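Line by line, the protein sequences are chains D and W. Residues 1 to 827 (the working numbering) are what the first sequence spells out, left to right. Residues 1 to 174 (the working numbering) are what the second sequence spells out, left to right.
Since the hints were made in silico from the structure, they are not lab data. Fair warning: there could be bad hints in the mix.
Claimed, not checked - Across the chosen pairs, the derived CB separations fall in these ranges:
1) D:486 - W:61: 48 to 58 Å
2) D:68 - W:14: 38 to 48 Å
3) W:61 - D:548: 44 to 54 Å
4) W:154 - D:428: 28 to 38 Å
5) D:574 - W:14: 28 to 38 Å
6) W:53 - D:641: 54 to 64 Å
Predicted model only: the values in this text are computed from it and were never measured. Where is the CB? At the ideal position from N, CA and C, for every residue including glycine.
So you can see what is in the structure, the chains are spelled out below.
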Amino acid sequence: MTTTAEPTTTSEIGKARVRKEDQRLITGRSRYTDSITPSGTLHIAVVRSTLARATISSIDKSEAEKAPGVHGVFTAADLGAEEIGLPCAWPVTPDQKAPQRPVLAVGRVNFSGEGVAVVVARSAAAARDAAELVEVDYEPLDPVLDMEAASKEGAELVHPDLGTNVSATWVFDSGEAGSGGSVADAIKAAEADDDQIVVRRRFRQQRLIPGFMEPRSCVVDPTGEQLTIWAATQVPHILRTMTTVTLGVPESKLRVIAPDVGGGFGGKIGVLPEEMLCVLLAQKLNRPVKWTETRSECMLTAHHGRDQIQDLTISAKKDGTITGLDVHLLADMGSYLGLVGPGVPILGAFMFNAIYKIPAYKFTCSNVFTNKTLTDAYRGAGRPEATFGIERMMDELAVELGRDPMELREQNWIAHDEFPFTTVATLTYDSGNYEQATQRAMELIDYAGLRREQEERRRSGDPVQLGIGISTFTEMCGLAPSRVLGSLDYGAGGWEAASIRMLATGKVEVTTGASAHGQGHETAFSQIVADKLGVPFEDVEILHGDTQVSPKGLDTYGSRSLVVGGIAIVNAADKVIEKAKKIAAHLLEASEDDLEFANGQFSVKGTDKGKAIQEIAFATFMAHDYPEGMEPSLDSDAVFDPENFSFPHGTHLCAMEVDAETGRVNLRKYVCVDDIGNVINPLIVEGQVHGGLAQGIAQALYEEANYDDQGTLVNATFVDYTIPSAADLPSFTTETVATPATTNALGVKGVGEAGTIASTPAIVNGVLDAIRHLGVTEIEMPTTSQRVWKALQEARGHKAQETPSDTHSPGAGLGSIDPNNPQGEVQ
Amino acid sequence: MTEVRVTVDGVNYADDVEPRLLLAQYLRETLGKTGTLIGCDTSNCGACTVSLNGQSVKSCSVLAVQADGGEVTTIEGLARDGQLHPVQEAFRECHGLQCGYCTPGMIMAAVDLLGDNPDPSEQEVREGIEGNLCRCTGYQNIVRAVQSAAKNMKPGAQQQTTEQQAAPVAGGGN
């Protein structure tokens with residue numbers, strides 16, 4: 001049973017409002033990009049490389065050009081686009097190596113799926129048919145696929161002109177930063193001390209595919225004064241600026257619209273070669289041009305996520321006190337750098353220390369090129385990887401010390417009375433209460449009872465063993481204070497903008513620079529504005545996702561929409577009230593100091609005189625009578641730049657059943673108690689947590705992008721890349737507790753990524769906890785039944801057959817279905 | 001070109017189509033019924049699910065010509081006289097959608113499921129909608145919505161609103 005906090009007041013904030021957005025989405029009145037086709041639209045299909053690494057010896061377009069309905073076939077040279085490079089906005093080091101990322105390959109291809117030519121035709125079907133007629137001759141080259149080998153001296157180079165496969169190495173050292181000691185000293189001291197212990201582990205963060213449900217799509221219409229781009233993007237404002245940076249079209253000549261967008265999870269944060277191709281072709285042909293990818297193209301070419309090798313060393317006293325943490329990462333960038341790709345693993349630098357008091361810390365990350373699809377932000381972006389590393393490490397340390405893993409965590413975490421707390425990674429956590437969330441989660445799952453059951457099953461040699469998975473996580477949300485981003489050489493600020501327009505009839509239009517793609521901004525932001533201005537929820541209209549409507553913004557990613565964008569709305573509302581108060585005082589012939597504003601009413605203290613904000617709005621519209629020196633307008637803009645990140649946290653616990661004979665893994669129960677500060681809409685929060693959990697659990701149990709030794713992505717369809725279905729997941733028990741954030745007016749912390757960040761290590765810790773006593777010490781994700789079975793066989797000294805790829809075998813996506821009871825009948 | 005005659009959401013159409021045209025494309029591109037969405041190319045995701053002659057089908061794996069003489073109901077034809085179908089209502093009430101992309105197919109699949117099994121258990125719902133993928137919700141509220149709709153569709157069930165009395169019939173055309 002899932003519970004959420006009941007609203008305790010009549011205010012809109014905290015109310016479980018059903019969403020405004022839903023009416024049109026449940027009746028099919030949606031407007032996703034592929035549903036938009038201006039008159040005269042031409043369609044494109046991209047001819048894609050079938051090889052991971054090759055030089056292009058020739059491209060024969062003649063057959064394709066003769067195909068019915070074809071308007072033209074173009075290579076980069078035909079479009080004069082050979083010099084165009086797609087942007088990377090995050091040079092993490094001054095000497096970062098960045099290859100040109102072309103809109104279409106020039107002379108060579110660097111990953112399987114890279115665009116080589118583009119076909120323009122009257123229909124999408126004609127374009128796709130003709131794309132198959134384009135003959136490309138390749139000289140195959142050996143692909144560079146193993147990031148560790150690639151990072152070594154003398155390795156075959158993805159981009160020979162760069163002289164190395166290592167794009168950048170980024171280091172944080174608390175000894176040098178002055179925020180802690182030297183980790184090298186801490187580890188050396190521990191090694192020399194019988195009362196201390198050093199634990200070293202290597203973990204693998206496998207490559208994932210975001211798998212948003214709406215394939216990417218783009219329509220460019222050149223027929224107006226501004227070139228209009230509709231795109232399935234999370235970042236319409238960034239896309240506009242970056243289109244200017246990439247193609248030189250003046251920003252003022254571009255209008256970008258993100259209509260309904262079907263999910264993103266970071267996967268729609270990029271600036272795409274296909275988007276730039278549509279702009280180039282629309283300009284060239286003077287016709288609207290449209291691109292919609294197939295799902296297979298999406299799997300192959302939309303950026304992937306994660307893909308790290310983590311070498312971790314932790315030192316501790318034998319009483320359990322941590323003395324140092326050394327993190328060494330290799331992060332696979334793929335063949336090019338994405339828009340923010342290089343910075344994604346670097347975000348982990350601030351999160352490996354997590355909720356713990358670690359006196360010495362070092363983080364070293366090398367970003368490495370391979371001949372694979374590029375990687376970039378995917379739900380959590382750097383923080384899931386870090387959280388996995390540290391939460392797995394805490395379990396490993398507990399095992400080495402023979403301690404209960406929860407007790408060891410508590411010994412090392414920041415106590416609730418120690419906030420605000422400045423961490424070894426230099427962030428200041430403003431608020432939190434790890435004890436509170438943990439205690440509640442342990443009650444909900446009956447931690448003590450599960451430990452007893454685990455003991456009993458071990459003792460009786462039950463074929464189904466029980467493991468308890470723990471993850472006590474925190475994250476940094478609300479990207480981001482602009483100055484912090486500046487210090488990290490990020491190519492933009494982290495502010496967000498909002499405007500409020502009071503219409504003549506008392507209705508309210510709010511524009512936000514945040515760009516929703518499923519988050520429910522229209523509902524949650526309406527609740528905030530309704531409360532602030534004292535107007536009915538229904539009277540508030542939230543407008544977004546169109547640079548002509550909301551010209552200023554930095555869009556939606558990094559759990560920032562509420563924490564940054566929501567506060568911009570609050571600040572704009574405060575300005576509206578301030579202006580309205582002056583006009584109210586004038587009309588009521590009272591001093592401003594004698595006015596009170598509550599529930600949408602300005603009233604003169606101690607009298608029954610007053611005026612509603614709607615009356616003030618009308619009077620302002622009429623403008624017949626308003627104070628000297630004031631403009632007749634209540635409309636207000638605000639740009640909010642946060643002073644700090646926010647730090648949601650929570651305790652996630654799960655009960656994992658593992659069949660020691662078959663390897664079958666069953667997630668029996670999942671409990672989480674999240675502290676995301678104040679909750680605007682508990683219904684939306686619950687939904688975000690559920691969806692986040694599903695994605696994090698999918699990483700632990702089901703998903704991996706597999707490449708063969710030729711660099712071909714072998715599971716580039718939903719048949720083989722096993723996104724969990726409803727039958728693969730249980731119902732979760734979710735609750736929230738709240739220690740409000742102290743760094744923003746709403747006390748909110750962000751919730752979009754929490755579930756994904758927290759759940760992956762909980763599941764893997766649980767799987768290992770179930771069978772560690774049988775000799776299994778590590779299983780790489782996804783911990784499919786096959787891999788678990790193999791690990792069990794190896795632990796027993798049996799040889800298990802090698803399979804080239806074991807994550808998309810039948811049943812890999814069906815972890816929760818009992819083969820003995822496929823119908824799931826309740827017994 | 002082949003002629004196809006089909007009733008979609010209560011309206012009769014006759015069109016000359018390419019024999020290879022998928023029903024999903026016919027609905028979206030020829031009829032402009034863009035409420036039905038396409039999410040994959042391997043018939044795994046179910047976003048394009050519609051009702052054909054009373055049975056849910058993935059319209060990306062049916063040719064338009066196969067629907068000849070048939071009756072199709074899409075998400076756009078499910079509400080009648082402006083009144084939502086109980087499954088639509090339940091998806092809204094239970095927050096069974098986020099980005100909305102899987103929603104048309106998910107609702108159509110759920111309507112069909114409830115036609116076959118008016119009182120499904122949680123596990124039966126989970127397996128019944130297994131052919132429809134959602135990346136946003138973790139399915140929990142979708143399952144809740146389907147079970148809630150089942151309850152509201154039972155004969156004599158207490159209706160919360162008059163809207164929910166509309167069309168308590170699973171599947172079928174208009």
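Tested hints:
Distance hint check for residue 486 (chain D) and residue 61 (chain W): the Cβ-Cβ separation is about 51 Å, which falls inside the suggested range of 48 to 58 Å. Checked against the hint of 38 to 48 Å, the pair residue 68 (chain D) and residue 14 (chain W) fails, with Cβ atoms roughly 24 Å apart. Separated by about 39 Å at the C-beta atoms, residue 61 (chain W) and residue 548 (chain D) break the suggested range of 44 to 54 Å. Between residue 154 (chain W) and residue 428 (chain D) the CB atoms are about 55 Å apart, so this pair departs from the stated range of 28 to 38 Å.
The hinted range of 28 to 38 Å is not satisfied by residue 574 (chain D) and residue 14 (chain W), whose Cβ atoms lie roughly 60 Å apart. Between residue 53 (chain W) and residue 641 (chain D) the CB atoms are about 58 Å apart, so this pair conforms to the stated range of 54 to 64 Å.
When the structure is compared with the earlier hints, violations turn up for hints 2, 3, 4 and 5 and for no others.
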